[in-house]
Each structure stands twice: as structure tokens, then as C-alpha cells.
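Sequences listed follow chains A and B, in order.
Yeah, the first sequence ends on 369 if you go by my numbering, and it's all consecutive.
Yeah, the second sequence ends on 447 if you go by my numbering, and it's all consecutive.
Bear in mind the hints are in silico, worked out from the structure with no lab data behind them.
Among these hints, one or two may not hold up.
[To be verified] Once the Cα atoms are required to be at most 27 Å apart in a straight line, the calculated DSS-like pairs of lysine-lysine come out as:
hint, chain 1, residue 1, chain 2, residue 2
1, B, LYS375, B, LYS438
2, B, LYS48, A, LYS221
3, B, LYS351, A, LYS221
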Amino acid sequence: MIKKIITIFSIAVLLYSCGSESGNNNNYDDGFNRSELLANLTDNIIIPSYNNFQQELINLEQSAINFTNNTDQDNLESLRSSWLDAYMAWQHIEMFDIAKAEEIDFRRKMNAYPCNTIRIDINISSENYDLNNSNHYSAQGFPALDYLLNGLTDPIILFSGNDGQNYINYLNSLVQYMLLNTNEIINEWNNNRDLFINSTENTASSSLNKLTNDFIFYYEKGFRANKIGIPAGVFSGSPLPENVEAYYHNLNNNTTSKNLALEAFVCIQKFFVGQYFDNSSEGTGISDYLNHLNAQEQGNNLSDLIISTFDEAELAITELDQDLMSQINTNNYDMLVTYDKIQAAVPLLKIDMLVYLSIDVDYIDADGD
Amino acid sequence: MMSTLKKYINSYTDSSPLVIFRIGFGLMMFFSILRFWSKGWIDKIYVKPSFHFTYYGFEWIEQLGEYTYILFLICAISAFFITIGLKYRISIIIFFLSFTYIELLEKTIYLNHYYFICVLSFLLIFIPLNSSFSIDNILSKHRSTKVPRWTIDSIKLLLCIVYIYAGLAKINSDWLLEALPLKIWLPSKYDLPIIGDTLMQKNWVHYAMSWGGMIYDLSIPFLLINKKTRNFGFFMVVFFHVFTRILFPIGVFPYIMIMSATIFFDSKVHDRIILALKNVSKIKFKDYKIKDRNSLNNKFSIIILSLFFILQLTIPLRNLAYSGNLMWHEQGYRFSWRVMLMEKIGYTTFKILNKDNGQSFIVDNDEFLTSYQKKQMNFQPDFILEYAHYLGRHFKNKGLKNIEVYADSYVSLNGRKSQRFINPNINLLAETESFANKNWILPLKNE
Numbered sequence: 001m002i003k004k005i006i007t008i009f010s011i012a013v014l015l016y017s018c019g020s021e022s023g024n025n026n027n028y029d030d031g032f033n034r035s036e037l038l039a040n041l042t043d044n045i046i047i048p049s050y051n052n053f054q055q056e057l058i059n060l061e062q063s064a065i066n067f068t069n070n071t072d073q074d075n076l077e078s079l080r081s082s083w084l085d086a087y088m089a090w091q092h093i094e095m096f097d098i099a100k101a102e103e104i105d106f107r108r109k110m111n112a113y114p115c116n117t118i119r120i121d122i123n124i125s126s127e128n129y130d131l132n133n134s135n136h137y138s139a140q141g142f143p144a145l146d147y148l149l150n151g152l153t154d155p156i157i158l159f160s161g162n163d164g165q166n167y168i169n170y171l172n173s174l175v176q177y178m179l180l181n182t183n184e185i186i187n188e189w190n191n192n193r194d195l196f197i198n199s200t201e202n203t204a205s206s207s208l209n210k211l212t213n214d215f216i217f218y219y220e221k222g223f224r225a226n227k228i229g230i231p232a233g234v235f236s237g238s239p240l241p242e243n244v245e246a247y248y249h250n251l252n253n254n255t256t257s258k259n260l261a262l263e264a265f266v267c268i269q270k271f272f273v274g275q276y277f278d279n280s281s282e283g284t285g286i287s288d289y290l291n292h293l294n295a296q297e298q299g300n301n302l303s304d305l306i307i308s309t310f311d312e313a314e315l316a317i318t319e320l321d322q323d324l325m326s327q328i329n330t331n332n333y334d335m336l337v338t339y340d341k342i343q344a345a346v347p348l349l350k351i352d353m354l355v356y357l358s359i360d361v362d363y364i365d366a367d368g369d
Numbered sequence: 001m002m003s004t005l006k007k008y009i010n011s012y013t014d015s016s017p018l019v020i021f022r023i024g025f026g027l028m029m030f031f032s033i034l035r036f037w038s039k040g041w042i043d044k045i046y047v048k049p050s051f052h053f054t055y056y057g058f059e060w061i062e063q064l065g066e067y068t069y070i071l072f073l074i075c076a077i078s079a080f081f082i083t084i085g086l087k088y089r090i091s092i093i094i095f096f097l098s099f100t101y102i103e104l105l106e107k108t109i110y111l112n113h114y115y116f117i118c119v120l121s122f123l124l125i126f127i128p129l130n131s132s133f134s135i136d137n138i139l140s141k142h143r144s145t146k147v148p149r150w151t152i153d154s155i156k157l158l159l160c161i162v163y164i165y166a167g168l169a170k171i172n173s174d175w176l177l178e179a180l181p182l183k184i185w186l187p188s189k190y191d192l193p194i195i196g197d198t199l200m201q202k203n204w205v206h207y208a209m210s211w212g213g214m215i216y217d218l219s220i221p222f223l224l225i226n227k228k229t230r231n232f233g234f235f236m237v238v239f240f241h242v243f244t245r246i247l248f249p250i251g252v253f254p255y256i257m258i259m260s261a262t263i264f265f266d267s268k269v270h271d272r273i274i275l276a277l278k279n280v281s282k283i284k285f286k287d288y289k290i291k292d293r294n295s296l297n298n299k300f301s302i303i304i305l306s307l308f309f310i311l312q313l314t315i316p317l318r319n320l321a322y323s324g325n326l327m328w329h330e331q332g333y334r335f336s337w338r339v340m341l342m343e344k345i346g347y348t349t350f351k352i353l354n355k356d357n358g359q360s361f362i363v364d365n366d367e368f369l370t371s372y373q374k375k376q377m378n379f380q381p382d383f384i385l386e387y388a389h390y391l392g393r394h395f396k397n398k399g400l401k402n403i404e405v406y407a408d409s410y411v412s413l414n415g416r417k418s419q420r421f422i423n424p425n426i427n428l429l430a431e432t433e434s435f436a437n438k439n440w441i442l443p444l445k446n447e
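Sequences and hints are given; from them, build the entire structure.
Structure below.
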């Protein structure tokens with residue numbers, strides 16, 4: 001008996017130690033090109049999305065300058081429309097809360113809503129504030145601009161009145177700070193692109209793992225909770241319609257919050273399958289990686305299951321009232337049903353997908369129990 | 001029968017294996033406490049979180065906050081005292097108490113090897129590791145070169161129990177027939193040099209390692225006990241544990257197991273090591289009066305340790321009292337040497353229903369739990385229940401007097417598709433922790 005065991009072990013040891021290929025070349029070889037996946041996500045999605053966003057911000061800055069020079073209704077309208085264009089472009093990059101963006105708290109500086117109007121008013125009159133201070137995160141970015149451009153009762157009079165210069169200054173400093181941070185992040189992407197796509201090891205800090213974790217986090221928080229769940233009162237018991245994204249613009253325009261949510265969802269789906277920012281082609285995405293890892297779940301392909309769950313959720317959002325606020329106020333039940341359909345993808349992403357990717361997020365010892 | 005037992009109890013053997021064991025154990029404990037400290041884990045795990053998961057029956061354990069550092073300090077100092085054999089008996093008692101207290105503070109970081117340290121240090125209270133080559137010898141001016149045979153044998157017995165139960169636990173269909181969870185874990189080690197992109201991806205390697213691991217655990221005790229195979233057995237211990245250390249984040253455990261296995265060697269081997277240590281350290285031990293027989297209270301120790309081993313043999317079997325898949329419901333899973341058996345990942349949220357107005361809301365777990373607590377809570381029923389009760393208390397204190405708590409829970413076990421884990425229609429506030437079967441855990445489907 002013992003001899004047998006020894007023999008088995010010796011063979012095992014021999015096999016391990018020589019590390020030779022035994023000609024058993026079946027399809028279990030990993031052989032997946034993670035760099036190619038990362039390169040596609042970086043070169044065809046992340047960087048183009050950022051470049052597009054940067055361009056929209058430059059337009060926004062120009063509109064703000066025009067409005068500064070000539071504070072009239074026409075320039076206000078074009079400023080509003082540049083703001084909305086930039087806000088739509090923002091939906092493409094919010095999920096990439098990684099590297100420089102994460103370091104400077106970009107996401108929270110750009111899109112913490114609802115904004116804090118009291119603090120904004122104080123900042124405008126005092127002209128004494130530090131946008132880098134987390135107390136001021138909810139007084140800047142898109143939500144604060146929303147308040148300035150769409151939330152004030154008579155913006156032309158305010159911006160050209162006695163305190164007009166204070167309003168103008170705050171507007172411009174917000175826009176410039178957004179652009180400044182964006183430029184910084186784009187510079188880092190351009191400088192560290194190679195480093196990023198070659199970080200393919202399986203550690204908590206490697207590129208793919210961070211991107212995937214950020215993607216899931218964004219789906220759960222930035223998208224599911226912020227855009228739908230919180231306004232519908234999922235986390236508070238009673239609905240909070242004033243917590244929709246772009247609240248003030250939505251009051252006038254009715255469709256803004258829903259359009260932003262739909263735009264964000266399209267970005268989520270494009271990222272998952274690796275579709276280019278400009279839609280010209282589809283490269284390698286996380287879905288391909290999952291397929292490669294043989295993620296067959298009871299005959300269902302996990303990628304397909306996630307995609308069809310996304311589709312159902314998107315359909316549910318589409319079928320909501322064009323005005324999310326009125327949907328919440330008149331028939332919040334449908335809003336909650338939509339939330340559940342978005343939520344249905346969360347276990348698939350957070351459990352099934354992570355099992356297959358075996359992403360190492362442990363930061364203390366574990367023995368697997 | 002009784003006479004052989006009596007004879008055995010009164011038989012003596014060289015104490016040198018205990019000396020090496022003492023130094024090895026003490027040093028490892030000392031350095032693992034420093035390691036834990038230096039990684040900032042004391043703060044992260046014990047000080048920062050506002051809520052802690054506790055063990056059933058030990059909910060009364062007082063959290064120490066910042067004073068946890070002092071407890072670790074006490075634990076480290078006692079480990080050092082053990083190493084040099086200074087006031088051994090009191091040091092090992094303090095070590096056992098402080099280490100166990102630390103473990104009882106937070107269930108989230110339960111690991112079999114921490115439990116092993118608790119159990120082993122309890123056992124060591126009754127074993128005279130300071131018999132020779134210790135400061136205690138200098139202080140008391142006597143030493144014993146001989147110790148009762150049962151002292152060394154009981155350490156061996158504990159190790160055998162650990163290995164055998166670990167091996168038996170591996171005899172299950174996931175492990176042997178599906179090579180799970182190794183089939184999931186090993187391919188993710190693609191970034192290891194040489195073997196990462198080759199062997200770790202091979203299906204046959206996953207099977208070989210699953211079966212090898214099972215055979216290894218079951219045969220190691222026999223390989224180490226048998227003199228002829230001992231060297232090979234020890235080589236396997238070193239190889240296996242170093243290999244698992246490379247593959248998995250299991251901290252200092254492999255080294256502790258390697259060190260512990262030295263107890264199986266003959267005293268001659270240990271004598272040589274002690275001689276080398278004496279030469280290096282230049283400590284001169286005068287010719288103290290050699291007491292052949294150690295003065296510890298034999299009878300009392302033997303009774304306590306007999307009970308101890310009966311418990312060690314039965315505790316790992318308590319899962320037999322529960323039906324269903326053990327890895328799924330985890331009732332009786334802990335404290336039974338089930339190591340690396342499952343890849344389990346879950347996602348659990350809680351709905352608070354206000355019975356007064358019918359409104360409900362979902363709790364943001366990030367408000368209450370650290371990410372590591374959340375990860376563990378997500379798939380373990382007793383955590384889910386304890387947390388549900390915590391949430392109940394929290395919201396009752398906030399003025400919601402009449403509430404119910406429901407869990408929306410999904411879990412994936414060993415790569416199966418995630419499925420509902422907790423009955424979503426059961427108000428968890430109405431359930432209490434006990435040894436009774438938790439019938440609010442839904443059975444694993446497609447078994």
C-alpha cells in the first residue's frame with residue numbers, strides 16, 4: 001500500500017517538477033490574450049470616450065466664455081445644450097473610475113447628485129472655496145451646473161445683476177476645473193497606455209481585475225442605484241423623485257433623466273461586449289473572455305444570459321414614462337419593477353462572472369472556507 | 001489492556017523533540033503576530049469596523065477597540081517567553097487565552113489554521129515543553145531529559161486528526177469527480193512563472209491535484225509515524241505545503257505545519273539540532289540536577305486531554321446531524337479541518353419592511369460592513385442571521401418599532417450557477433441562532 005502511494009507521489013512530483021508539456025494539448029490551455037482584451041477596451045473604448053468627452057467639455061468651456069462675454073438668452077440656450085451634450089458624453093466614462101480618475105475622486109467631483117444648493121449659493125457669494133475638498137464635491141460638476149443653468153428662476157438677471165460677476169466666476173471655475181481634471185486623466189492614459197494593457201497578472205491591482213470590479217461597481221451603484229433605485233425609493237422606503245439625475249433640466253425638458261440613463265446603459269452593454277466607441281466594430285470584450293473560460297451554466301452561456309438580462313432591463317427602462325419623475329409620482333410600481341430587472345443582472349455579474357474570472361480580491365489570508 | 005495502558009502512561013522518552021517544537025512554535029507565533037500587526041490588519045479587522053460577527057455562544061465577548069493592540073502585544077510577548085522557555089506554563093496559558101480571545105472577537109476571519117493554533121496551544125498547556133534547554137531550567141536549576149511518552153504522542157495525535165479529517169473531507173463528489181474547486185482556482189494562476197500558463201490550465205492536473213491532495217492528507221500520518229517512510233513523508237510535507245503556499249494566500253500556515261511535522265522525528269535528530277543551537281548561541285547549561293521524571297500532575301492532565309481528544313474526534317463529525325449539502329448550508333462546517341474545499345461566492349441584500357405603513361427599503365450593506373465582512377456574510381447562513389438581527393436592532397433604535405427583515409440572497413457553490421440561498425419569505429428577525437436545523441436555508445438544487 002505504502003509503496004503504491006510512494007510511487008504515485010513520485011510520479012506526481014516528477015511531473016510537477018519538470019513542468020514539461022506532456023503532449024496533452026486539449027482546449028484547457030488558457031491561451032487567452034488578455035493584452036488584446038485590454039488593448040481593445042483601452043484603445044477603442046476608453047481613450048476614444050475620453051477624447052470625445054474632452055471635446056464636449058471644450059465646447060462647454062467655449063459656450064461659457066460666450067455667455068460670459070454676452071449674457072443673453074441665446075448664449076444661455078447654447079450653454080445649456082453644450083452642458084447636456086457633455087453630460088451625455090460623461091455617461092461613457094463614469095465607469096472608468098481607475099488610476100488617475102480614482103486618485104483625484106473624479107467621479108464624485110463630476111457627478112454627485114443631488115447637488116447641495118445651499119453650499120453652491122454660499123460659494124457663489126463668498127467666492128471662497130476649494131473644489132478639491134470633499135465637502136464641495138456636491139457643489140460642482142454636472143449637477144451644480146444643472147442648478148446654475150436650469151435651476152435658478154431667472155438666470156439672465158442673476159448672471160448680469162449686482163452679483164452677476166460672482167455667478168459668472170463660479171460657472172467658469174466649475175467648467176475649467178472639470179476640463180483641468182479631464183486633461184490630467186487623458187494625459188495619464190496616453191502616457192501609461194502600454195503599462196496598463198500589459199498588466200495582465202491576476203492580482204487585485206492588475207488592470208483587468210480593476211476594470212472588471214469598477215464595471216460591476218458602476219453597474220450597481222452609479223447606474224442601478226443612482227439613476228433608478230434611489231429616486232424610486234428602493235433604499236429609503238419612500239420615493240425621492242428630486243434625486244433623479246439632471247433634476248432641474250428634467251423639470252423643464254421632462255426627458256433628460258431617462259435619456260441619460262439609457263445612454264449609460266448602452267455604454268455598459270458596449271463595454272461588456274467590447275464594441276468600439278464609434279460603433280464601427282466589435283473587438284474582444286469581457287463577454288469573449290467569459291466564453292473562453294467556458295462559462296456554461298446549465299446549458300446557458302453566461303455571456304448570453306447577461307446580455308439578455310441587460311436587454312430585458314433596457315426594454316423596461318424604455319417602456320417607462322419619458323419623464324422619470326412623473327413615473328415615480330404617478331406609478332412608482334413600474335419604476336420598482338424596472339429596478340428589479342436591472343437588479344437581475346447583479347447576481348450574474350457579482351457571483352457567476354466573478355467565479356469564472358477568479359479575480360483575486362482577497363487582502364487577508366484565506367484558506368478557502 | 002489496563003496494564004498496557006498503565007505501562008504506556010508511565011513510559012518515558014527523550015524530551016528533545018519537545019524542545020525543538022517549543023522553539024519552532026514560539027518563534028512562528030511571535031513572527032505571525034508581528035506579521036499580522038505590520039500588515040495593518042489589527043486596525044482593519046478589529047479596530048475600525050463598528051460591527052463584529054461573533055461565534056454562537058460567545059456573543060458576550062467584549063470588543064476592545066484600540067486596546068486590541070495591547071492584547072496582540074501580550075500574545076506576542078507570551079510567544080517570545082515560550083520560545084526561550086521562560087515561565088513556560090504561565091506563558092502558554094496566557095498565549096492560549098489571548099490568542100483565543102483575539103479569534104473570538106471576529107468570526108469573519110475564521111480560518112482553520114487559527115483554530116488549529118487555539119487547539120494546539122490548549123494542548124501545550126499540559127505538555128512540558130520547557131523540560132530542557134530553557135530559561136526555566138536555569139531558574140529552577142533542574143531539567144528533565146525524559147518526559148512521559150504520551151506528551152509527545154498527543155501532539156502527534158492532534159496532527160494526525162487534522163490530516164485525517166482534512167483528507168476525509170476531500171472525499172466528496174465535487175472534489176474527486178469534478179476536480180472542483182481546483183478547476184476554478186488553478187487556471188486563474190495563469191500569471192505564475194513556468195507552470196501558470198501550462199500545467200495550471202490542464203484538466204488532468206486539476207484532477208491529479210485533487211486526488212493527490214486527498215491521498216496526501218490521508219497518508220501523511222502513516223508516512224510520518226513509520227520510521228522507514230519518515231524522511232519521504234517529511235519531504236512530502238515540505239513539498240506540499242510550499243506548493244500550496246505558492247498557489248494560495250494561506251499566510252504562515254504551511255510553515256506551521258512543516259514545523260509541527262518535525263515532532264515525528266527521533267530524538268537523535270533533535271539532539272543534533274539542539275547541539276547546533278547550543279554552539280551557535282553559546283549558552284552554557286551547567287550540569288543541573290537531572291530529574292528523570294517531570295513533576296507535572298499526570299493524572300489530571302491525562303483526564304483533561306482524554307476529554308479534549310474525544311471532543312476533537314467528535315466535533316468534526318457534528319455535520320452528520322444535518323441533512324443536505326454541507327458545503328451549501330455550512331451547518332457543522334467549521335472546526336472540522338475542511339480546508340480549500342469550496343469556491344463559494346454570494347450576494348445578499350436585506351429588505352426592511354415597516355409593518356406600520358407597509359413601506360419597505362433595501363439596506364446598503366456598505367454602511368455597516370467592511371468589504372471583507374460583506375464578502376463572508378454574503379454566503380454564510382449564520383452571518384446572514386446575525387447581521388439581520390443587527391439591522392433589526394439598528395432600525396428599531398432609529399424609531400422603526402414594528403419591522404421585519406428579509407434576505408434576498410444568491411449563492412454560487414463550486415461554479416454552479418448562482419441560485420437563491422435564503423427563503424425570501426422568512427422574516428429573519430423571528431429566527432434565532434441555535435444548533436437546530438436552519439430550515440430557512442433553501443436546499444441546493446440539481447444535486
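Evaluated hints:
1. LYS375(B) x LYS438(B): 21 Å, holds
2. LYS48(B) x LYS221(A): 24 Å, holds
3. LYS351(B) x LYS221(A): 17 Å, holds
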